[in-house]
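Under my numbering, the sequence shown is numbered contiguously, ending at residue 330.
Be aware that one or more of the hints could be misleading.
Unchecked claim - The following label-pair restraints were derived from C-beta to C-beta distances:
hint, residue 1, residue 2, range
1, Gly240, Lys137, 42 to 48 Å
2, Ser42, Gly64, 42 to 48 Å
3, Asp69, Ser42, 17 to 23 Å
Said to hold, decoys possible - Dumping the calculated DSBU-like pairs for lysine-lysine here, alpha-carbon to alpha-carbon at most 35 Å:
hint, residue 1, residue 2
4, Lys136, Lys297
5, Lys146, Lys136
6, Lys21, Lys192
7, Lys312, Lys146
8, Lys136, Lys210
9, Lys137, Lys173
10, Lys297, Lys192
11, Lys146, Lys192
12, Lys312, Lys192
13, Lys297, Lys137
14, Lys146, Lys173
15, Lys210, Lys146
16, Lys21, Lys312
17, Lys192, Lys173
18, Lys297, Lys210
19, Lys136, Lys312
It should be emphasised that the hints constitute simulated quantities derived from the structure, not laboratory data. This structure is a prediction, so every number in the text was calculated from the model and none was measured. Just so you know, even glycine gets a beta-carbon here, dropped at the ideal spot from N, CA and C.
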Amino acid sequence: MNQQAQPTQLPSQTNDPKPPYILSLDVGTSSTRTLLFDSLGATVTRVHAQRQYQLTTSVEGEVSVDADALVDLVGQTISDALRACGPMAQQLGAVAIDTFWHSLVGVDESNQAITPVITWEDTRPYNASMELKKQLNEEEIHKRTGASLHASYWPAKLRWLATEQPDTFKRATQWISFGEYLHRRFLGKSVCSLSMASATGMFDTRKQQWDEELMHVLDVRPEQLPQLGDIRDSITGLSSQYASAWPVLRNVPWYPAIGDGAAAGVGSGCANLDNWSLTIGTSSAIRVVMPPDKATPPMGLWLYLVDAKRGIMGGALSEGGNVLNWL
Numbered sequence: 004m005n006q007q008a009q010p011t012q013l014p015s016q017t018n019d020p021k022p023p024y025i026l027s028l029d030v031g032t033s034s035t036r037t038l039l040f041d042s043l044g045a046t047v048t049r050v051h052a053q054r055q056y057q058l059t060t061s062v063e064g065e066v067s068v069d070a071d072a073l074v075d076l077v078g079q080t081i082s083d084a085l086r087a088c089g090p091m092a093q094q095l096g097a098v099a100i101d102t103f104w105h106s107l108v109g110v111d112e113s114n115q116a117i118t119p120v121i122t123w124e125d126t127r128p129y130n131a132s133m134e135l136k137k138q139l140n141e142e143e144i145h146k147r148t149g150a151s152l153h154a155s156y157w158p159a160k161l162r163w164l165a166t167e168q169p170d171t172f173k174r175a176t177q178w179i180s181f182g183e184y185l186h187r188r189f190l191g192k193s194v195c196s197l198s199m200a201s202a203t204g205m206f207d208t209r210k211q212q213w214d215e216e217l218m219h220v221l222d223v224r225p226e227q228l229p230q231l232g233d234i235r236d237s238i239t240g241l242s243s244q245y246a247s248a249w250p251v252l253r254n255v256p257w258y259p260a261i262g263d264g265a266a267a268g269v270g271s272g273c274a275n276l277d278n279w280s281l282t283i284g285t286s287s288a289i290r291v292v293m294p295p296d297k298a299t300p301p302m303g304l305w306l307y308l309v310d311a312k313r314g315i316m317g318g319a320l321s322e323g324g325n326v327l328n329w330l
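Generate coordinates for the entire structure from the input sequences, incorporating the hints supplied.
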């Protein structure tokens, strides 16, 4: 008799936490949150900090947020959470981060943002995406990157910036996601996780490297894209400003940001082919975790990575909890 597979059972909440603790940051498109987890994976009930924010929108289709303002907001939630931790803050063992997928930030040689954080919701690159569809073989791009030539992804955003903001495009020494920008502000350096890279639409998921054809077509050099790493490639050592503000985090490892969708899939216990996760946030999505070399997603679906050994395939709608805001 076949039995339906059950999601992995994860601890939920605890009033008797076991150290060491993990400070967990979640940066979404409407709020940023900080939680505390214990060594068994349970959330510590009395530690929760959240700050809401509004995206910048326009009739032209802009949906963005000021990069430094969002960094400051994340910093405020960290400070709030550390105060709530009390003595437990002395036993922090790691900082973990997930952020919204598909964001793009241009930085200069000083690692300062020269663009806002352009989110997946921004539709200004639509015409650029249509242009790329005519120029490239979208099915081949999709096979390699797991992503279509949609306005949400980096190829369309970069083409749009090169066309509409050529001076900014030329000034940028690197193109990164908000997760890497956050690390650079807090730590002075960053690693781009395979999870974050895989959702840019610029990343060959089989070869696990930046896609050569897209770099050539978009006039982007390899050194203009972030250094790649996996989820275990932590960074230690806060910059002086933040080491002074958060001395308990001075020597704690910070792990690379992963995509919020990857975190939602694994965190809900749906970490294998037998269980699919359905999430409704600002948008809505259904996802399944699988070996990345075992699947070629049909057009209309995408395939990103959780890490080097785990892919996550699914589909998404731009409408979810944001419908309530519209109403």
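Results of checking the hints against the structure:
no.	hint	result
1	Gly240 to Lys137: 42 to 48 Å	47 Å, holds
2	Ser42 to Gly64: 42 to 48 Å	45 Å, holds
3	Asp69 to Ser42: 17 to 23 Å	36 Å, violated
4	Lys136 to Lys297	26 Å, holds
5	Lys146 to Lys136	14 Å, holds
6	Lys21 to Lys192	31 Å, holds
7	Lys312 to Lys146	18 Å, holds
8	Lys136 to Lys210	23 Å, holds
9	Lys137 to Lys173	24 Å, holds
10	Lys297 to Lys192	34 Å, holds
11	Lys146 to Lys192	32 Å, holds
12	Lys312 to Lys192	25 Å, holds
13	Lys297 to Lys137	29 Å, holds
14	Lys146 to Lys173	30 Å, holds
15	Lys210 to Lys146	12 Å, holds
16	Lys21 to Lys312	29 Å, holds
17	Lys192 to Lys173	22 Å, holds
18	Lys297 to Lys210	14 Å, holds
19	Lys136 to Lys312	30 Å, holds
In terms of the numbered hints stated before, the structure departs from hint 3 and from no other.
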